[in-house]
Amino acid sequence: MIAHIRLDAMILQTVARPYRDLVTRPTGRAVRRQVMNVLQEAANHDALLDFSDIGVVDFSCADEIVAKLLTGADGVGVTRIVLRGLSDSHVEAIEQVLQHHGLVVVAICAGNPAPRLLGQVNDDDRAAFHALIAAGRSGPEPVATALAWSVERARQALNTLVGRRCLLAHPDATFELGVVA
Amino acid sequence: MRIVDVPGSLDDRTIDQFAASVGAWPPDDRLLVDARATQFASPAGFTALLTLGQAVAEAAGPRPLLHLPTSDNVSSYWAKAGLLEHAADYFELHGKVPRRRRAEDSDVLLPVRPVREQLDVHAIIDGINDKITQMLTEQLHHEASFIGGFSQSLSEVCQNVVEHAGTGGWVAAHTYLFRQRLGRNVAVISVSDAGIGFRRSFEGLHARQLGDRWTDGAAIEAALIHGQSRFRDPGRGQGLMAVKRFVSKWNSKVSVRSGTARVAIGPRNWDDEDPRTDDLAWFPGSQLTIVIPAKAGGS
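Protein chains in written order, with this note's numbering: chain A, 4 to 184; chain B, 39 to 337.
The hints are simulated quantities; they were obtained by calculation from the structure and are not laboratory data. These numbers come from a predicted model, not from an experiment. Note that the Cβ used here is the ideal one computed from N, Cα and C, for glycine as well. Be aware that a few hints might be false.
Partial selection, computed: residues in chain B whose CB lies under 8 angstroms from chain A [unchecked claim]:
1. Leu131
2. Val135
3. Gln156
4. Ser183
5. Gly186
6. Gly187
7. Glu194
8. Glu201
9. Gly204
10. Gly273
11. Ala280
Between beta-carbon pairs, the in silico distance windows are [said to hold, decoys possible]:
12. B:Leu215 / A:Ala117: 39 to 47 angstroms
13. B:Gln218 / A:Leu15: 40 to 48 angstroms
14. B:Ala95 / A:Val165: 54 to 62 angstroms
15. A:Ala149 / B:Arg238: 38 to 46 angstroms
16. B:Met39 / A:Gln102: 51 to 59 angstroms
17. A:Ala151 / B:Ala182: 36 to 44 angstroms
18. A:Leu15 / B:Gly46: 31 to 39 angstroms
Some but not every residue of chain B turned toward chain A, in silico, with C-beta under 8 angstroms [unchecked claim]:
19. Asp54
20. Gln55
21. Leu157
22. Ile163
23. Ser193
24. Gly277
Generate coordinates for the entire structure from the input sequences, incorporating the hints supplied.
Encoded structure:
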């Protein structure tokens, strides 16, 4: 199950005006609190933050909502937080704040259904992420083959991504992105 | 009565002459701000004028007089740009006051607006509508991704007033032909407040450590160059860093004046301002200006 959170609805509840921009730190803080309330109900599930109907996301709001949610996600028990419906300018703001904090998140941009990683991620982890998506649910072997790596190197990259809440690991030693759209 | 001369062209650089003319602070006499000979004011000029009026009011000084430009065209533009409706709150207006009210359908990107609280910032960003987007793309010839960065930067610089100034401020954005320095159109965003300034805002962090070296210029550099913040939250200080990245990406310039110093970051291919200027005439609060030139070779 995925908890689908429309951020445009959260803005409306927060500022009580028909604005569609995620701007200012106080707004970001208030929206984050609302999102956290929803996430409390979604323990052990993925959460999808939907930016589809959002206009501008500034850096302060990106920091308050995305970065602080990711650093506080342990406390609410959701499996992962995934971003959806991002425009190029959303990506720019979110990527910058995630790099600043050393964080990473799975994101799906508007007009491009391919999942990508935003934030601070090394080349191995990024390559393993894309190789696993191409392979589908699998162990590290297909990823290692696709990238001409050792199995251990592939396993290490995939485990890192699991630890950073970008992939799911299963008891049968397979990995997958799971349903994020 | 103390006469304060407004330069013939009032912008982010000539504000220094304007500040020098204000003299001792707080003024010991009523100010007469004389703009009769003024032919041009940029957004930096408009917001600085209002900042002076606001600062006098907040210092409980006598209400200053503002003598409007003699040129009908210039004073009409001042009305169109939204200056006069706010100036009337802080100045006794003299001269021929144009009847024309602020025109929402003018070529001004963003008429002078107050910035006092977060909802003001929301309203300003919400106002970056299709018409303004079209003006920016047609006049500056930048690709569509420019608009997002423009709005993000506008939001960040407005928020700085709400978060740091300790009082309200003003924002304006225009496009015009930057004839002398570039020969191209530019978009200019200016934000000015009558608040405590960068040095006092950061004082708790650095003043004891740096002693006499803790100056207005050092405080501006701490924020603009080094991304420091007075808050302990590690996510703070990213707003001005984002503005810096935006101006770097679009061959643009950002300058911050506060107290007696100005720090500027601009491309050497069209901007000749020193990176840091100290010992300027004191002016209330802080002033930030972003100048974004049209893409070279744009038709």
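Against the structure, the hints come out as follows:
1. Leu131: violated, 33 angstroms
2. Val135: violated, 33 angstroms
3. Gln156: Hint holds; Gln156 (chain B) Cβ to chain A Cβ min 4 angstroms, cut 8 angstroms.
4. Ser183: With a closest approach of 5 angstroms, the Ser183 (chain B) hint holds.
5. Gly186: With Cβ-Cβ at 2 angstroms, under 8 angstroms, it holds.
6. Gly187: Holds, about 7 angstroms.
7. Glu194: holds, 6 angstroms
8. Glu201: Holds, about 7 angstroms.
9. Gly204: violated, 16 angstroms
10. Gly273: holds, 4 angstroms
11. Ala280: Constraint on Ala280 (chain B) satisfied, holds at 4 angstroms.
12. B:Leu215 / A:Ala117: 39 to 47 angstroms: Once the Cβ atoms are compared, 44 angstroms apart, the range 39 to 47 angstroms for Ala117 (chain A) and Leu215 (chain B) holds.
13. B:Gln218 / A:Leu15: 40 to 48 angstroms: holds, 47 angstroms
14. B:Ala95 / A:Val165: 54 to 62 angstroms: holds, 60 angstroms
15. A:Ala149 / B:Arg238: 38 to 46 angstroms: Violated: the Cβ-Cβ distance is about 58 angstroms, outside 38 to 46 angstroms.
16. B:Met39 / A:Gln102: 51 to 59 angstroms: holds, 56 angstroms
17. A:Ala151 / B:Ala182: 36 to 44 angstroms: holds, 39 angstroms
18. A:Leu15 / B:Gly46: 31 to 39 angstroms: violated, 48 angstroms
19. Asp54: violated, 30 angstroms
20. Gln55: This hint is violated: Gln55 (chain B) lies away from chain A, its Cβ roughly 34 angstroms from the closest one there, beyond 8 angstroms.
21. Leu157: This interface hint holds because 7 angstroms falls under the 8 angstroms limit.
22. Ile163: holds, 5 angstroms
23. Ser193: holds, 4 angstroms
24. Gly277: holds, 6 angstroms
In this structure, the hints that do not hold are numbers 1, 2, 9, 15, 18, 19, 20, in rising order.
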